[in-house]
Amino acid sequence: EYLFNNNIVVSIGHSASTYEDAIFAFAHGARSQTHVYNGMTPFNHRKNGLVGVALRVKGMYGEIICDGNHSTTTALYNFFNAKGSDYGIMITDALMAKGYKPGSKFMFGGNEIEIYEDGSAHLVETKGLAGSTLKMNDGLRILVEEAMVPFNYAVNSCTINPAKCLGVDKRKGRIGVGYDSDLVILNSDYSVHQTYCLGKAML
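Residue 1 is where the sequence shown starts when you use full-length UniProt numbering, and the numbers rise one by one after that.
Simulated from the structure, these hints should not be mistaken for laboratory data.
Check each hint, because a few of them may be wrong.
DSSO-like cross-link-like pairs, simulated, lysine-lysine; straight-line CA separation at most 30 Å [stated by the list, open to error]: (1) Lys101 / Lys58; (2) Lys170 / Lys200; (3) Lys58 / Lys200; (4) Lys200 / Lys164; (5) Lys58 / Lys47; (6) Lys172 / Lys98; (7) Lys47 / Lys170; (8) Lys135 / Lys164; (9) Lys135 / Lys47; (10) Lys200 / Lys172; (11) Lys58 / Lys127; (12) Lys164 / Lys127; (13) Lys47 / Lys101; (14) Lys172 / Lys47; (15) Lys98 / Lys135; (16) Lys98 / Lys47; (17) Lys58 / Lys170; (18) Lys58 / Lys164; (19) Lys105 / Lys58; (20) Lys105 / Lys127; (21) Lys172 / Lys135; (22) Lys105 / Lys170.
The model shown is predicted, which means the values in this text are computed figures rather than measured ones.
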C-alpha cells in the first residue's frame, strides 16, 4: 500500500507466493506480475499460486516472455485468452547478447552463458535458461503466427498495455494527437522497416 500510495508500480514475480497471498497483494496495490509462468510455482489444480492469479484476475497486468522457449506457444495462447486484450504485456527478457550468433558464449553476472540455435540463452554449467535474445518484432510474430493470439491482443501487449501499467498512457502507447511520436513500422514479415523516437527516424 505504501508503494501504491507513492505512485510506485508493484509487480510480483519469481516467487512461491500462494494464490491467496497474491490476491491480497493485488487488493492492496500490486499492479502486475513479472515473467508469468517462469520463476514461480507451477499451476496446480489444488494450489493455484501466481499462475492461477495471472489466469484468473483480468485486472492485473501480466508480463510474459514470448520467445516460445520460456513458455510454449500453447501456454502463451492460454495466458492471453484469459487476460483479454487489455492486460497482457509482451516482454523479451533479452540479454546484452541480443544479436549474437548461436554458439556464442559470454560472461554475465559471473556466469558463462551460451546462445543456443533457437536464440535462447543458457547457463553453461547447468544448462538452465538464463534469458533470451528475443527482439520485440519477433515476439509479436510468435504471438500472432505461432501462438495464434488475436492480432489486437498481441499489438496491445507491445504498446498501450505496458504504457497503462506504467501510468504513461496519456502520451505513450497510441498513435494520436498529443502522443509522443514513437513508432515502429514493420514489413509484412515482421522485420523492422523504420523506427521513430519522438518523430525522429532512427534507421
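Hint check results:
1. Lys101 / Lys58: Distance of about 38 Å is beyond 30 Å: violated.
2. Lys170 / Lys200: Answer holds: Lys170 to Lys200 is near 20 Å, not above 30 Å.
3. Lys58 / Lys200: 36 Å, violated
4. Lys200 / Lys164: At roughly 24 Å apart (the allowed maximum being 30 Å), Lys164 and Lys200 satisfy the hint.
5. Lys58 / Lys47: Given pair Lys58, Lys47 holds - Cα atoms ~19 Å apart, limit 30 Å.
6. Lys172 / Lys98: 25 Å, holds
7. Lys47 / Lys170: 38 Å, violated
8. Lys135 / Lys164: Roughly 21 Å separates the two Cα atoms, so the pair holds.
9. Lys135 / Lys47: With a Cα-Cα distance of about 34 Å, the restraint between Lys135 and Lys47 is violated, given a limit of 30 Å.
10. Lys200 / Lys172: Holds, because 15 Å separates the two Cα atoms, which is no more than 30 Å.
11. Lys58 / Lys127: Given pair Lys58, Lys127 is violated - Cα atoms ~34 Å apart, limit 30 Å.
12. Lys164 / Lys127: 36 Å, violated
13. Lys47 / Lys101: 40 Å, violated
14. Lys172 / Lys47: With Cα atoms ~38 Å apart, Lys172 and Lys47 exceed 30 Å; violated.
15. Lys98 / Lys135: Distance ~8 Å between Lys98 and Lys135 Cα, so the pair holds.
16. Lys98 / Lys47: 36 Å, violated
17. Lys58 / Lys170: At roughly 22 Å apart (the allowed maximum being 30 Å), Lys170 and Lys58 satisfy the hint.
18. Lys58 / Lys164: 14 Å, holds
19. Lys105 / Lys58: 40 Å, violated
20. Lys105 / Lys127: At roughly 13 Å apart (the allowed maximum being 30 Å), Lys127 and Lys105 satisfy the hint.
21. Lys172 / Lys135: 20 Å, holds
22. Lys105 / Lys170: 41 Å, violated
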